[in-house]
Amino acid sequence: MGTDLQLTSVTKRFGAFTAVDDLDLTVPQGSFFALLGPSGCGKTTTLRMVAGLEEPTTGTIMLGEDDITRLKPYKRPVNTVFQSYALFPHLTIGDNVAFGLKRQGKKDVAAKVTEMLALVELEHLAKRRPGQLSGGQQQRVALARALINQPQVLLLDEPLGALDLKLRRQMQLELKSIQTEVGLTFVHVTHDQEEAMTMADTVAVMNEGRIEQLGPPEELYEAPATTFVANFLGQSNLVSGSVAGARGDVIDLDVQGTRVVADKARARVTSGEVWAGVRPEKVYLSSAGHDDGSGVNTLSDGVVSDVSFVGVSTQYLVRMAWGQELTVFEQNTGARERFRAGDKVDLHWRPEHTFLLDASQDASAGVEREDA
Amino acid sequence: MSAAGHISSLGPAEAQLDGPPDPEGQKRGWAGYLLLLPGGLWLLLFFVVPTVTLVATSLYDPAGSLQLGYQMTWHWQNYVDALQDYGPQFVRSLIYASIATIACILLGFPLAYAIAFKAGRYKNLMLVAVIAPFFTSFLIRTLSWQYILGDNEPLVSLLRTLHILGPDGYLLATPFAVVTGLTYNFLPFMVLPLYASLEKIDPRLIEAGADLYASPITTFRTVTLRLAMPGLVAGTLLTFIPAAGDYINSELLGNPQTRMVGNEIQDLFGAGDYPTAAALSVTLMSAIVLLVFLYVRRAGTEELV
Chain A
219 MGTDLQLTSV
229 TKRFGAFTAV
239 DDLDLTVPQG
249 SFFALLGPSG
259 CGKTTTLRMV
269 AGLEEPTTGT
279 IMLGEDDITR
289 LKPYKRPVNT
299 VFQSYALFPH
309 LTIGDNVAFG
319 LKRQGKKDVA
329 AKVTEMLALV
339 ELEHLAKRRP
349 GQLSGGQQQR
359 VALARALINQ
369 PQVLLLDEPL
379 GALDLKLRRQ
389 MQLELKSIQT
399 EVGLTFVHVT
409 HDQEEAMTMA
419 DTVAVMNEGR
429 IEQLGPPEEL
439 YEAPATTFVA
449 NFLGQSNLVS
459 GSVAGARGDV
469 IDLDVQGTRV
479 VADKARARVT
489 SGEVWAGVRP
499 EKVYLSSAGH
509 DDGSGVNTLS
519 DGVVSDVSFV
529 GVSTQYLVRM
539 AWGQELTVFE
549 QNTGARERFR
559 AGDKVDLHWR
569 PEHTFLLDAS
579 QDASAGVERE
589 DA
Chain B
-8 MSAAGHISSL
2 GPAEAQLDGP
12 PDPEGQKRGW
22 AGYLLLLPGG
32 LWLLLFFVVP
42 TVTLVATSLY
52 DPAGSLQLGY
62 QMTWHWQNYV
72 DALQDYGPQF
82 VRSLIYASIA
92 TIACILLGFP
102 LAYAIAFKAG
112 RYKNLMLVAV
122 IAPFFTSFLI
132 RTLSWQYILG
142 DNEPLVSLLR
152 TLHILGPDGY
162 LLATPFAVVT
172 GLTYNFLPFM
182 VLPLYASLEK
192 IDPRLIEAGA
202 DLYASPITTF
212 RTVTLRLAMP
222 GLVAGTLLTF
232 IPAAGDYINS
242 ELLGNPQTRM
252 VGNEIQDLFG
262 AGDYPTAAAL
272 SVTLMSAIVL
282 LVFLYVRRAG
292 TEELV
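Quick mapping for you: the protein sequence lines, in order, are chains A and B. Under our numbering, the first residue of the first sequence is numbered 219, with each subsequent residue one higher. Under our numbering, the first residue of the second sequence is numbered -8, with each subsequent residue one higher.
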């Protein structure tokens, strides 16, 4: 008996602005699904339409066999953990958690509230008011208040955004384990790519009201479909090149005069002009001219222009002959000497780590700006 | 989870660790009292002293007069006389003030709600509209109601035509006119605190109510109204207290049968019967303080702070 959440060609316009553009999406029952994207990409609007707080301009939203597109929010078996929690300040923690059950006229409310507060380890705070709790505690109350209703879909709108980094990491793991424990469908909206990848089974990357790519985190990371995904999810080096030929499972490329090999499996385009991409941590450096064996891609004659030591790794910027700066992350294993600014180096990576994207896209799409 | 629990358990322990106040803290304490001084003196001069004088006057021998001077004789009989003579006016004042307050809530709540949530960019304009009548004197505004409710004015004619009023029916010089005047004059005092409370409500709380299976009416009852209570209580006090002591509306819009306790107090002071006037004033003050105390306890606003 499936109660998958299914959005079919859903569009939401606010005046002339299209927040969500012809979106198709299926969230399987019991999955932990993340909608990831920069602010203004339509992810929160999508969530609010599922919650019933916004009505789609066109399209349908189905929950299992039921069309819930125009159903009032208080009649939907869907609950939300709001951004900044929206706890009722005039009610105790216990009454906040009991709110939904009381409205539905359920029995044994007190026992269920105690049980739910125990799940989030807050039973000792039942008599307090939200204002007396820390951010992390309020976050858990918000979760308990939604979960206690056993919704068919739980919506989380940037639930960890207000927490500091350490607490956020801890809550990510907790949310994931609670989801596994209760087995409900979670739809999580976030702009934090690390958060999405840590928690979700499936991530949908949204941009400008559309889904750019959808899949398990590893797949999105290793084989991005667009430059936006390549840049928004982690970092990427995108170098322009052209396809020179194909043989078997691999594609030969001409990248700035150098022969580079890519797997067909990660090629979104197989001919013409391309962006050849590789993740910074997949690349390793050697001193210039020091051939690192065959079977790897090599870009020669780079000059280290910047070195940042970040503890677990060292991040290099390497200026290539054609003027582009490429990023390389190296683990600080201690087994290799660190390079210094000005060193001449070659870049190497395995052919299967190359991904090919359509060259008509903007290579800087999805790059997180510093002011963001 | 344990980490967050830990933080909360640390709170009180840390508070207990606070040692005796350091000299720096003591200096700050003195500064606080100094800052209280102007306000304290003001209260002493214009509230404590007059109140004590008023209570004392209410116990003077009524045989005295302003010219001959008064004797302090602890004449409690003043209170008995005042209540015997002016009991009906006293009760009438409380009833009129109550009706006017309820009318202010019924008119003011939708208005404050609309300004807070629906006015959009007209919010400030609407607030100005609420306050604008204050630019005209209280007396003139009340006098204007004599025209609005007058026997030969359009409103009465219309009501007569519609047979809501009889052919000889009238509005001016009735209890209705007095309560209307009170409601009109004190409405802004209801709207402004209500607006202040409603405006502070995070709209997401209302969405959270809807998300948690509460219909709009239930959400209003369990969330919006509860969060508006401080404004409602403040508005009620600001309306009821002055309305109960008001005499202008009764004077200008009423008749001899609608006289309120304020009218009697004013007349008694005018006639030089200070002890009875004072006794009546103190009784009214006490009654209001008692009612306010019961009301605030019932409304339970301390929970919201």
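What the hints contain is simulated information worked out from the structure, not anything from laboratory work. Model, not experiment: these values are computed from the prediction. Please note that a few of the clues may not be correct.
[Unchecked claim] Here are the computed lysine-lysine pairs in the DSS-like style, where the Cα-Cα straight-line distance is at most 27 Å:
1. B:Lys114 / A:Lys293
2. A:Lys325 / A:Lys345
3. A:Lys290 / B:Lys191
4. A:Lys345 / B:Lys191
5. B:Lys109 / A:Lys290
Status of each hint after checking the structure:
1. B:Lys114 / A:Lys293: Measuring from Cα to Cα gives roughly 32 Å; hence the hint is violated.
2. A:Lys325 / A:Lys345: Holds. Lys325 (chain A) to Lys345 (chain A) sits at ~20 Å (cutoff 27 Å).
3. A:Lys290 / B:Lys191: holds (25 Å)
4. A:Lys345 / B:Lys191: holds (24 Å)
5. B:Lys109 / A:Lys290: Holds, because 20 Å separates the two Cα atoms, which is no more than 27 Å.
When the structure is compared with the earlier hints, a violation turns up for hint 1 alone.
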